[in-house]
Amino acid sequence: MSYRVHVRVMPRTGLLDPQGQAVEHALGALGFGEAGGVRIGRAIELEVAAPTRADAESRVRQMCDKLLANPVTEDYLLQVEER
Amino acid sequence: MTGTATPGVTEAAAFPGERPVTPEVVREHNLNELEYGRILELLGRAPTFTELGVFSALWSEHCSYKHSKPVLRTFPTAGPQVVQGPGENAGVLRLPEGWAVAFKIESHNHPSAVEPYQGAATGVGGILRDVFTMGARPVAVLNSLRFGPLDQPRNRYLFAGVVRGVGDYGNCVGVPTLGGEVAFADGYTGNPLVNAMCVGLLREADLIRAAAHGVGNVLLCVGARTGRDGIHGASFASEELSEESEARRPQVQVGDPFTEKLLLEASLELITSGLIVAIQDMGAAGLTSSSAEMAARGGVGVEIDTGLVPTREPGMTPYEILLSESQERMLVVAEPARVAEVQAVCARWELTATPIGQVTDDGIFRVRHDGLVVAAIPGQRLVEDCPIYEPEAREDERTRARRAAAPPAAPDGGIEAALERLLDAPSLASKQWVYEQYDSTVQAATVLGPGGDAGVLRVPGTEFGLAVTVDCNERLVALDPCEGGKAAVAEAARNVACTGALPLGITDCLNFGNPEKPEVFFQFREACRGIAEACRAFDTPVTGGNVSFYNESPTGAVDPTPTIGMVGLLEQADARVPSHFSTPGDELLILGATTGELGGSAYWAEVLGFVGGRPPRVDLDAERRLQRFLVAAAGRRLLRSAHDCSEGGLAVTVAEAAMGGPYAEGGLGATADLGSADAGATVEGVLFGEDGARAVVSVATEQVSAVVALAGEHGVPVQRAGRVLEPGGSLELRAAGRVFTWSIGALRQRYFTAIPRRMQHPDVDRSAGE
Amino acid sequence: MLNVAVVRFPGSNCDFDTLRAVERAGANAFFVWHRDASLNGADAVILPGGFSYGDYLRSGAIARFSPVMQAVQRHVVDGGPVLGICNGFQILCEAHLLPGALMRNAGLAFVSKPVDVIVERADTPFTSAYPAGSRLRLPVAHGDGRFVAGEDTLRMLEAEGRVVLRYVAATESSPLQPNPNGSARHIAGISNASGTVVGIMPHPERVADSLLGPPDGHGFFTSLAAWRPRASKLNVPSR
Chain V
-10 MSYRVHVRVM PRTGLLDPQG QAVEHALGAL GFGEAGGVRI GRAIELEVAA PTRADAESRV
50 RQMCDKLLAN PVTEDYLLQV EER
Chain L
284 MTGTATPGVT EAAAFPGERP VTPEVVREHN LNELEYGRIL ELLGRAPTFT ELGVFSALWS
344 EHCSYKHSKP VLRTFPTAGP QVVQGPGENA GVLRLPEGWA VAFKIESHNH PSAVEPYQGA
404 ATGVGGILRD VFTMGARPVA VLNSLRFGPL DQPRNRYLFA GVVRGVGDYG NCVGVPTLGG
464 EVAFADGYTG NPLVNAMCVG LLREADLIRA AAHGVGNVLL CVGARTGRDG IHGASFASEE
524 LSEESEARRP QVQVGDPFTE KLLLEASLEL ITSGLIVAIQ DMGAAGLTSS SAEMAARGGV
584 GVEIDTGLVP TREPGMTPYE ILLSESQERM LVVAEPARVA EVQAVCARWE LTATPIGQVT
644 DDGIFRVRHD GLVVAAIPGQ RLVEDCPIYE PEAREDERTR ARRAAAPPAA PDGGIEAALE
704 RLLDAPSLAS KQWVYEQYDS TVQAATVLGP GGDAGVLRVP GTEFGLAVTV DCNERLVALD
764 PCEGGKAAVA EAARNVACTG ALPLGITDCL NFGNPEKPEV FFQFREACRG IAEACRAFDT
824 PVTGGNVSFY NESPTGAVDP TPTIGMVGLL EQADARVPSH FSTPGDELLI LGATTGELGG
884 SAYWAEVLGF VGGRPPRVDL DAERRLQRFL VAAAGRRLLR SAHDCSEGGL AVTVAEAAMG
944 GPYAEGGLGA TADLGSADAG ATVEGVLFGE DGARAVVSVA TEQVSAVVAL AGEHGVPVQR
1004 AGRVLEPGGS LELRAAGRVF TWSIGALRQR YFTAIPRRMQ HPDVDRSAGE
Chain D
14 MLNVAVVRFP GSNCDFDTLR AVERAGANAF FVWHRDASLN GADAVILPGG FSYGDYLRSG
74 AIARFSPVMQ AVQRHVVDGG PVLGICNGFQ ILCEAHLLPG ALMRNAGLAF VSKPVDVIVE
134 RADTPFTSAY PAGSRLRLPV AHGDGRFVAG EDTLRMLEAE GRVVLRYVAA TESSPLQPNP
194 NGSARHIAGI SNASGTVVGI MPHPERVADS LLGPPDGHGF FTSLAAWRPR ASKLNVPSR
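Those sequence lines, one after another, are chains V, L and D. Following our numbering, the numbering of the first sequence begins with -10 at its first residue and continues without gaps. Following our numbering, the numbering of the second sequence begins with 284 at its first residue and continues without gaps. Following our numbering, the numbering of the third sequence begins with 14 at its first residue and continues without gaps.
Quick caveat, the hints were computed from the structure, so don't treat them as lab data. Every value quoted in this text rests on a predicted model; they were computed, and no experiment measured them. Each hint should be verified, as a subset may be incorrect.
To be verified - Simulated restraints, written as ranges between beta carbons of each label pair:
1) L:A700 / D:A182: 27 to 37 Å
2) D:G92 / V:R(-7): 25 to 35 Å
3) D:E36 / L:E552: 56 to 66 Å
As the list claims (entries may be wrong) - Straight-line distance between alpha carbons at most 20 Å, and here's what the computed SDA-like set of lysine to any residue pairs gives:
4) D:K126 / L:A915
5) L:K800 / L:I671
6) V:K55 / L:M1042
7) D:K126 / L:K800
8) V:K55 / L:Y946
9) D:K126 / L:P1039
10) D:K126 / L:Y946
11) L:K352 / L:E799
All C-beta atoms, glycine included, are put in the ideal place defined by N, C-alpha and C.
I would like the entire structure built from these sequences, with the hints used as guidance.
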């Protein structure tokens, strides 16, 4: 089976996110005062061949732990779609 | 302050929900029985959990220097050039025309071992703040890095991450990286060293010290909000790295160089406008150490309400707020009438300045949280009464054996291959791969950038400049700590003097293993003895620095690495002397005497794979004469180039000077007879021996007699050894009657590609090799 | 004497260097704060290098919304000269005062080294002191310096002679690779059609003083100091 996996990597909750902070400040300056809690991460999409959905997810978790995300500073979320 | 607690003054209550203080909790805070006993005695009661955290931070090795204080007291710290010695955020030395230079070096080893990018970045951030809180504008950063060998993926990962972290932070703030050193050896696998030095310029009149005074004055928290990052970083830095270190990962702080830049500009504006009384970085142990130390220096008390500190997350306890090591924060003391003006300056730089407490007259370090007193500790004793230890010192038998050992036979391939091998060794090879990731020209004052003996910058608006360097040859320290300590200072001074600058003073970053081990404490004590002797001999006082103990990993302690950061004064910046040959036909002179000492040499280590032998004894008098000669010769503009002779001996020194910089069209050929060594020296000894007090200079033909005469006046042995040849030629060295030849182009190829070849595939797998 | 405004954004870090380089060339230079709505009577504007707003989101993306940028826009419409150096170039692109964008270097690492460039357009207020075809060695120091634009835009820039600086190898055997960042067509700097707005990645202000090496960058500032407002307001400045 082939799965399309969407990985969302975000700065860890509680860690400083300088980028999000600067953008939130800028939004405020541009008149979007209603915006708050800005956090900036990145999105990664990939295809994985695996026998089951659970296997695909488990492999991508390993990829995240080793490469795609930095466990020291980042958390990640996975979304697995069958193709 | 007396030993007995005053009832009513030092009472404190537990913060709702905090843990009771049990023997286990005390142990978790790295406090031993003696220390806990001292706490009970000075409080006259059991501490609250919050207080325990405060003691744990301030009595950690990092803050208290409890294993190093007696040794550090032996350093020479005085001199006519000293404006501020050890004990402040940074040392300060006097320069001409009312200028002064503030500088300091600090380690960020443990955080970098866990998260190399953020660890290194925040290390740079911390040292910048130490300098600009003295009122100085940072004008240069340098760094001294150590990693395990690059054939291991994990070491490549750490190396790449640290370099990127150092670069991204310094580049963004806009402070040029003018130099540094990087070395690779087995002992650093698992425990890399990341030492960052910052140099700043100030008008001496603008100097501000971090002493709180004026009862009723207001404490303000300026800059970033406080989060849970880095809680207990100071105690983290004061223990050995272990498997559990991984679990401590959430402690790693995240750096924000943009906020740092704003903080820098705001701080300098606050200081030069005279709006504030004192300012200190919230560095190791955060709000706790900054407030307690400022109060102790000023002989006053402080009262803080942690409920007023702006936090990044809701629900933070006073314990967490006091111990957070969130970056880019400052503690400022100002008179109440000036608070609004301070806030206006900060607002202009898009920073908040929040009143969080005040200076008091009772000498108590008191913390409230929404009215509840959660800590009340006699302030002076909190900062000064940590038990001081003088551990046992005993040289390791294995070190003696290594010193007495003889090297194995030289491998096939001979001398030609040996020089090629040395220039290809990552520790000796060009660090272009590193310094091209660092902005070295911002501020438009870089007279000599990285890749030479020392970085040189011009002091804007004046004729003079500064030379800056960091140095340590850990192999020599490991084999003979005292001589190695001297050698580190001597090499730094030679590097500074080669540019034409007079060595002025040092800062040191003393990286050692666990001081409770006798063999480690022996290394520490002896290395410091060597440093102190050399600094006395050179009139270069110690102005401060940092002790980093517990640099151990499951594989053992790191090599003892007392890194010396030195600053020198170049009276005429345009008289600076570069490291590389520039002009065919120039004469090549060798200064200093060669006896061919190979003990602890790079040749034995890199070519024979043997780290051992007795390092050369450092002749401090000869070193000083050489320094004075180099400064005098540069001042009279007699030298076309000067390059210090250290690792790899004369062969590497001449080769480096001939190969030129990375952006030269090609190197210049050179021919030199290195051979007039003392009887008994081997060919290898003449070529690769590492006797101290030597340098290789190139001189225009018409100046040679003046140089020889000046060397004679300074009592420096001088040998007219050869000539600089046409571009793209060959390097021809004679030693003990034999002649060896290399193609300069081929040597350049090896020297400049050694590191990039090994880093072609940077390793992103963080767990690699673990 | 020509009045030159150097704009300071939060995070600018080449502001003092640029100010001094302008003064050394004999013009009057002063800072303008990013929140200022006016350029205080400046005849010319320089957006200096640095990391405005930390380069967060995209280099220059936040700075372009600073109040001062509206004044810069008006200044451009009036035909006034604007030079963006490094981060200043990035801001000019984000503000659509110049076409294209500056992306992460092809090598993915920050790059700080000297590069060789050819001055291809010498009729701008910033390059008139150089004969066209001059070869300069200037430092670069950037992480986001790869110039990209659509094929049509690149063709237009070439056809209209709007490439101001182009990276070039010093010689065939030079250890310096041309193009330190993978820029399209080795472009190191461009201008608007009239040549009044110029953006460059290299830092001429860092080599405008002979103590620091051959002062190849000094000409950018002497060009500007010699520039006269009235002659240029009508059309392309020419010498």
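Structure-based check of all given hints:
Taking the beta carbon of each, A700 (chain L) and A182 (chain D) are about 32 Å apart, inside 27 to 37 Å as hinted. Taking the beta carbon of each, G92 (chain D) and R(-7) (chain V) are about 53 Å apart, not inside 25 to 35 Å as hinted. Taking the beta carbon of each, E36 (chain D) and E552 (chain L) are about 22 Å apart, not inside 56 to 66 Å as hinted. Taken as a hint, the K126 (chain D) and A915 (chain L) pair is broken in the structure, with Cα atoms around 32 Å apart against an allowance of 20 Å.
Only pairs whose Cα atoms come within 20 Å are accepted, and K800 (chain L) paired with I671 (chain L) is accepted, the gap being roughly 16 Å. Pair hint K55 (chain V) plus M1042 (chain L) holds up; C-alpha atoms about 19 Å apart against a cutoff of 20 Å. For the given pair, K126 (chain D) sits about 45 Å from K800 (chain L) by alpha-carbon distance, which is inconsistent with the 20 Å threshold. Taken as a hint, the K55 (chain V) and Y946 (chain L) pair is broken in the structure, with Cα atoms around 37 Å apart against an allowance of 20 Å.
A threshold of 20 Å between alpha carbons decides the hint, and for K126 (chain D) with P1039 (chain L) the separation of about 16 Å falls inside it, so the pair holds. For the proposed pair K126 (chain D) and Y946 (chain L), the alpha carbon gap of about 9 Å is at most 20 Å, so the pair holds. Proximity of K352 (chain L) to E799 (chain L) is assessed by CA-CA distance (about 14 Å); at most 20 Å being required, the pair is judged to hold.
Hint check: violations occur at hints 2, 3, 4, 7 and 8; the rest are consistent with the structure.
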